[in-house]
Structure formats: C-alpha cells, structure tokens
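So the protein lines, in turn, are chains Y and X.
Numbering-wise (this note's numbering), the first sequence opens with residue 1 and increments by one.
Numbering-wise (this note's numbering), the second sequence opens with residue 1 and increments by one.
Think of the hints as simulated: they come from the structure by calculation, not from any bench.
Yeah, the Cβ is synthetic: ideal placement off N, Cα and C, and Gly gets one too.
It is possible that some hints are incorrect.
What the hints assert, rightly or not - Label-pair restraints from in silico Cβ distances:
(1) 165(X) to 91(Y): 56 to 66 angstroms
(2) 18(Y) to 196(X): 15 to 25 angstroms
(3) 169(X) to 6(Y): 32 to 42 angstroms
(4) 97(X) to 17(Y): 21 to 31 angstroms
(5) 119(X) to 5(Y): 23 to 33 angstroms
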Amino acid sequence: MKRSKRPVIVCRCEEITEDEVRRAIKRGYYSLEEIKRVLRTGMGHCGGRGCLKIIARLIEEETGIPVAKQRFPCSRPPLKPLALGLLASYKYEEKNG
Amino acid sequence: MKKRTADAIVIGGGIIGAATGYYLAKQGLKVILLERNFPCAGSTGRCIGGIRAQFTHDLTIRVMLKSIKMFMELDSELGEDIEWYAGGYLFLAFDEERKKSFLQAIEIQRRYGLKVDFISPDECARIVPGLNQEGLLGGAWCPTDGQANPFKVTYGYLKGMERLGSKVITDSEVKRINIQGDKVVSVVTQTGDEFYAPVVLNAAGPWAEGVAQLAGVFLPVKPDRHEALVTEAVERCLEPMLVDYRSDGCYFVQHYKTGHFIGCYTPVPIVPGDRIDASDEFITEMPRRMVRLLPKLASVKVLRQWAGSYEMSPDGNPICGRTPVEGFYVAAGMSGHGFMFGPALGYLMAELITTGKSSIDISEFRLDRSFAKAEAMK
Ligand SMILES: Cc1cc2nc3c(=O)[nH]c(=O)nc-3n(C[C@H](O)[C@H](O)[C@H](O)COP(=O)(O)OP(=O)(O)OC[C@H]3O[C@@H](n4cnc5c(N)ncnc54)[C@H](O)[C@@H]3O)c2cc1C
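Take the sequences, apply the hints, and build the full model.
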C-alpha cells in the first residue's frame, strides 16, 4: 500500500504531525513529558487522551524505549473543558461546608 | 558506578540551573547538570511565565532590568523562539493603602529609569477593554514588562549548554555531597555515580533546603503550594498581565501567540509544604475572580488546573552566592519569581563563580544576610 504524502496529524487539538513528533524525538526529547512541553501534545482539549499512546509508540520506534517503560503525564482536572462562568457559579463552600 | 570530573556541577534542571549552567559553559567551564527527573519537572514547568521589573527592592529592580534586556535578545542568543512579548503588567489598586504603596514603589522604580505610571481607572480600561471598574482607584502600569515561555527558555539554555560541550544528565538525583576540610569535592547520585568538581551549585528550587543539608548548610527556603489554570485558546483580547492583589484577587495573562489564558492566585492563608495536588476550591474560586475582573471571559473554557511550589525565603528575595562550604554555591529561594530572574541571576552567578565578583553586585542576596527588609510586591 502506498503511504499518503499528506501530513499525519497525531495530536488533533494542537494540530501536531507525526513528522513534528519524530523530529522532536530526534532532537533528544525522549519522553512524553518533554514532548508535551515542547510541542504542547496533550495540552489541548482532550488532555492527551487521543495522542499520548500514539506518541508513546513513536518514541518506541525511534528510541527503542518500550511503551510499557515510558512515564505517562498525569491527567489533570477538569476531565472535560468547562466555561469559567459555569465554574464561577459553583458555590464550593456551600456544598462542602 | 561511574566517576566523572567537571569544572562545575549544577544540581537542578529548572530555569535557574539551566541559565547558570549555560553562562558557566559560555565562560569556558565544562559543566555537568544533574536533574533528578526531567528538565522543568519542578516549579519552572508550572509557572505562568510573567516577567516584570515592578518590584520595590532596589537590587531586584536592577536585576530585572537586566533580565528583561536579556529576554529581549534571547532568541538570537539561543537560536530558539522563546516567545518573549512585552505586553506590560497592570497592577490594580482597589483601596487607598494599595494605591499609596504603588505610588511609593513607582518612585523607587523610576530612579532606575523604569517607564511606569499610576493611571486612572479609565486608562486601565483602555489597556484592558471590558475591565470591571467597580471600586477601582487606578493601576500601576509598566508597558515594558511582559511574558515568555518557560519551557522554551529552559530547554533553550540546556541545548545551548550541550552545544558548548557541557552535559545535561536527567533521572539523576543527588543524594550525597562530599566535603573535605571545608571544601566541596564531589556529589553522588542515586545510582552511585560520583561527579567531582571544585564548584557545586545548588539550584534545586523548592527542594534546595534539603540539598543544602546534604552539605551541612542551613538554607531557609520553604515551599508553599500555588495553583494555576489554563483556558482554551481564544482570540486575543488581553495584552498585559493583570494583577489584582486583593486577598481574593488573582493574576492572569493571555499568551500573546496562542491565545490561552493562564493564571493563578496566592491563597490566604498560604498552604505550606511541598504538596502539589490540585484543589476543588481553586477551580471554582479562580474562575470567580477572573470573571469578576473581566466579565467577558465567562464563556471561555478551562482546560486544565495544576499546582506547583513557590520557594519562599524569609524576606521574599532570592538567596544567591557562596555558602560556608568553599565551592558550594546556592541560587534558590526565588520566592515565586525565579523564571523572570533566571537569565540575569544565571549570568551574574556565573560571573561570581568564575571571577569572584559579578557585574551587578548581588551581595545583598547572600545567604548570611539579616532577612529583615521584605519585598512588598510579592
Ligand atoms: C503557579 C506558579 C506560577 C508562577 N508564576 C511565575 C511567573 O509568572 N513568573 C516567574 O518569574 N515565576 C513564577 N513562578 C515561580 C517560578 O516558577 C519559580 O521561582 C522558578 O521556576 C524556580 O526555578 P528553579 O530553577 O529555582 O527551581 P525548579 O524549576 O523547581 O527546578 C529545581 C529542579 O531541581 C530538581 N532537583 C531537586 N532536588 C534534586 C536533587 N537532589 N538532585 C537533582 N535534581 C534535583 C527538581 O527536579 C527540579 O527540576 C510561579 C510558580 C508557580 C508554582
């Protein structure tokens, strides 16, 4: 099968391509945490749900570090993006006080 | 277990270790930087990227004027777009006492040529369209303050160090510091590897007190928790860092390039210790404070919250220089401003280490000072 010449997007939130990730790994960024910091992969709307596994496999391909040995960034709240106005209207103290 | 030698060892791969390591390497030293996790794993990777010269301590203002000049030229120095942008800093005053303290600060800042003014509420709203002016008495405005990307700056320095022939070693935690007589000799990491050098710099951020203890040095640096959040990227609508110092205030900025809002606040009372968990209180309180200042943000969505540590010294100023152990230096206790101090303090520390004195005298930041005069614009 012929491979498409069109860039393959691996992180849809930040529109980062497979090529960009491979280039970052070749520049010496060997971990998910570091690639996140230089390319913003995992910092968009999905919080990394879509891209981290794919990037972990690219790291394995490029460096030989198996996916199972890699450190995954922790996922951060909120699980889904919420509007500032909505969060502002939540009375934290009342519900917990 | 390996043994290696270098001219200098830097402990910590945050902005302070990276910048100092780079300028030491530029002075011709062979540097080994040891980082227990990965670069920016500490406070630097959690900070919001604000850069300002609006302080009240004379030396801090001078250091920051130098740092800002360096940030402006860092792209060409490091061959990396570090995303510096002079969007300014606007400190808001909601009571007479705060206004008075800003006016006093401005007087000091102007002595050093800083372009800073106390402006009216209407002028504040011209700089920040949509600003809620309720109760506002005006603001301290400095257009030459700004923002940059902490990851880009730190990685830029580390890559620069490596280009100059120095080494950055990650996943290496310094567990022991060996001293002979009153001189530092080597450090040992968790793997048992030993690194010999006549100079060892403690740039371990919130953990600097513990690292100093390894050398038997007492360093009064205490971490406390600071939380932050980032929103989705939206069209540019805020230029400066907006600072509201009320006890229920906050500070935030919009990234000039991507359009994300990023911000935090100092909790009252503070949350001491090195815990960096994220709280439910923050994720409701911070949006309330942001929307109160800038109601048009109500529909902007929060992507993420996290926390990190401020590394407080007793007076809120950095602790930089020699220690009682010869060859063992410290650059820590940045008290929540280490990112912006990074370039200048890194440069000055490298001068101090290699020549015995720095082009701006930073001896007021030495470890054996009295810690009596506190920074008012923490
Ligand atoms: C929410 C928040 C917002 C902030 N906003 C700003 C801002 O707008 N502007 C600003 O200037 N500052 C800001 N700061 C403060 C700034 O982040 C810090 O002052 C700065 O990052 C400190 O840098 P550092 O290099 O001293 O420490 P760190 O970045 O913490 O680096 C220390 C490093 O040392 C490593 N280490 C620790 N112990 C060892 C050991 N034994 N061996 C090897 N390595 C070790 C750690 O893993 C860490 O990577 C903010 C901080 C927070 C938490």
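Hint by hint, here is what the structure shows:
no., hint, in the structure
1, 165(X) to 91(Y): 56 to 66 angstroms, "holds (58 angstroms)"
2, 18(Y) to 196(X): 15 to 25 angstroms, "violated (43 angstroms)"
3, 169(X) to 6(Y): 32 to 42 angstroms, "holds (39 angstroms)"
4, 97(X) to 17(Y): 21 to 31 angstroms, "violated (54 angstroms)"
5, 119(X) to 5(Y): 23 to 33 angstroms, "violated (55 angstroms)"
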